[in-house]
Amino acid sequence: MNGLRLENLSFLGRGPYTLAVEPGQVLGLHGVSGAGKSLLLRAVADLEPHDGRLWLGQTACNEISGPDWRRQVAYLPAESLWWHERVGQHFRALPEAAWLQQLGFTGEVMDWEVNRLSTGEKQRLAILRLLQNRPKALLLDEPTASLDQGSISKVENFILDYLKVHSAPAIWVSHDPAQLARVAARRIEIAVGGELRELT
Amino acid sequence: MNVIPLGAFELSLASLLVLLLAFLSFRHRLEIERPLLIAALRTAIQLSLIGLVLNVVFSTVNFYLVVLIWSLMLAAAGWEVMSRQKVRVKGPARFLIGTSSMLVSSFSIMVLTLTLVIKVDPWYSPRYAIPILGMLLGNTMNGVALAMNTFSNLAWTRWQVIEQRLALGQTSVEAIEDIWRESVRTGLIPIINSMAAAGLVSLPGMMTGQILAGNTAGEAVRYQILIMFMISSGTGFGVILSLWLMRRKMFDARERLRLRESFYRVEPVGSKK
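Chains as they are written, first to last, in the working numbering: chain S, 1 to 200; chain U, 201 to 473.
Source of the hints: derived by calculation from the structure; they are not laboratory data. Every residue gets a Cβ at the ideal spot worked out from N, C-alpha and C, and that includes glycine. Treat the hints with caution; some may be incorrect.
The calculated label-pair distances, taken between Cβ atoms and stated as ranges, are [said to hold, decoys possible]:
| no. | chain 1 | residue 1 | chain 2 | residue 2 | range |
| --- | --- | --- | --- | --- | --- |
| 1 | U | Trp444 | S | Asn115 | 31 to 37 Å |
| 2 | S | Leu94 | U | Leu403 | 51 to 57 Å |
| 3 | U | Ala396 | S | Phe91 | 36 to 42 Å |
| 4 | S | Glu113 | U | Arg381 | 19 to 25 Å |
Taking beta-carbon pairs under 10 Å as the criterion, some of the chain S residues facing chain U (in silico) [said to hold, decoys possible]:
| no. | residue |
| --- | --- |
| 5 | Cys61 |
| 6 | Asn62 |
| 7 | Pro67 |
| 8 | Trp69 |
| 9 | Arg70 |
| 10 | Gln72 |
| 11 | Ala74 |
| 12 | Pro77 |
| 13 | Glu79 |
| 14 | Ser80 |
| 15 | Leu81 |
| 16 | Trp82 |
| 17 | Trp83 |
| 18 | Asn133 |
Every beta carbon over 10 Å from chain S, so not counted as near; a handful from chain U, in silico [unchecked claim]:
| no. | residue |
| --- | --- |
| 19 | Phe209 |
| 20 | Glu231 |
| 21 | Ile238 |
| 22 | Leu252 |
| 23 | Tyr264 |
| 24 | Leu268 |
| 25 | Ile269 |
| 26 | Ser271 |
| 27 | Ala293 |
| 28 | Pro326 |
| 29 | Thr386 |
| 30 | Gly405 |
| 31 | Gly409 |
| 32 | Leu426 |
| 33 | Arg448 |
Pulled out of the complex, with its shape left as it was, chain S reads as follows (with noise of 0.2 Å):
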């Protein structure tokens, strides 16, 4: 049971963010583009250098390498990129058939030229990737932007799953409020400066 907590977090002249995440819960982030959302999730993943603590449960960031730390505190970026060929050459292990299914693909998948992928299938195929790592806290960058209807809820149900299962914390940011209002037990706003507000 891992809770993620940022302790007077600041970076690039934002910050001080202290803010908690309990375990299984998912913390809603909006705000205008360029309000810094994504800016959040990168320093959190320690991607961007920062000041102050970042707690996964009893572990502090600095305690363990930069690429253990993301390996647990996996960072989902808005657009997915893919760098071989074909798209199981990207996953170290064949993903389970329920998982796969889940989010509508069978094994074949695997085989499948990433070239020919379309926008939503590269989307719903990163986060299977990035779930592979059995990653113990989510950062999600609008996972759900380049989805149709349909997938919306199955990409949603999926992940939410994921985190009761694992009792994961998640950061989960999104343009749209009614979204939020499904998946986050708290929402925050952060605005232009990068302060932050809670919603209630």
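Go by the hints and put chain U onto chain S.
What follows is chain U alone, placed relative to chain S:
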């Protein structure tokens, strides 16, 4: 040895060909005549000057003088490597990475060759030590410049992929492995190709020179094989070392990508009207 002497008249005949090419470029607006003529002039002046210097250096065997010449050659090669980079490391490392890699690879291979293979006495005899380092550096320089340029350019354009791989928990070494492999390959392909074509397509320059100077073909061949092996290993070690140093600049201790912070892009020169 009976070398047919070349005089000023014979050389000016050859220069007519270069002038003809420049004229062709001028008439057809290829805009290459200026750099062509400048480079031809530089060849003539630089080689004449070095000829004078070598005459003096070869007549004495002075260790410090040889070291001075080695250092000048190395600095020139390091400068050339740096100026061929479009994306460079900030700070003095932009010069030092290439230079130190060539220092380690070319110098150590030169010293090994002079002391253990050719067994010159003393090992720093300028008649051997200077041309051998020249050949090594000339080739290592090309390989290192190509590899470093490929590495920093590809990282600069594919930084988002590198970051996404880091976000998936990959280490810095894993996240940049394709670019690393491609760069090492790019740096080594020219020398691998010239080893493969040696003797079939091309008679390498040094061998041709030795034969023209009246050595037996067998002697020239053995020296050429030695030189080719030295050049390929020197290039390989130099390339790997320079990329390793460059990669250390690209990531910080937490293995975050620091490309924009520690590198900068030089706007391509030329295309001036």
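Of all the hints given earlier, name the ones this structure violates by number, lowest first. The structure conflicts with no hint, since it agrees with every one listed earlier.
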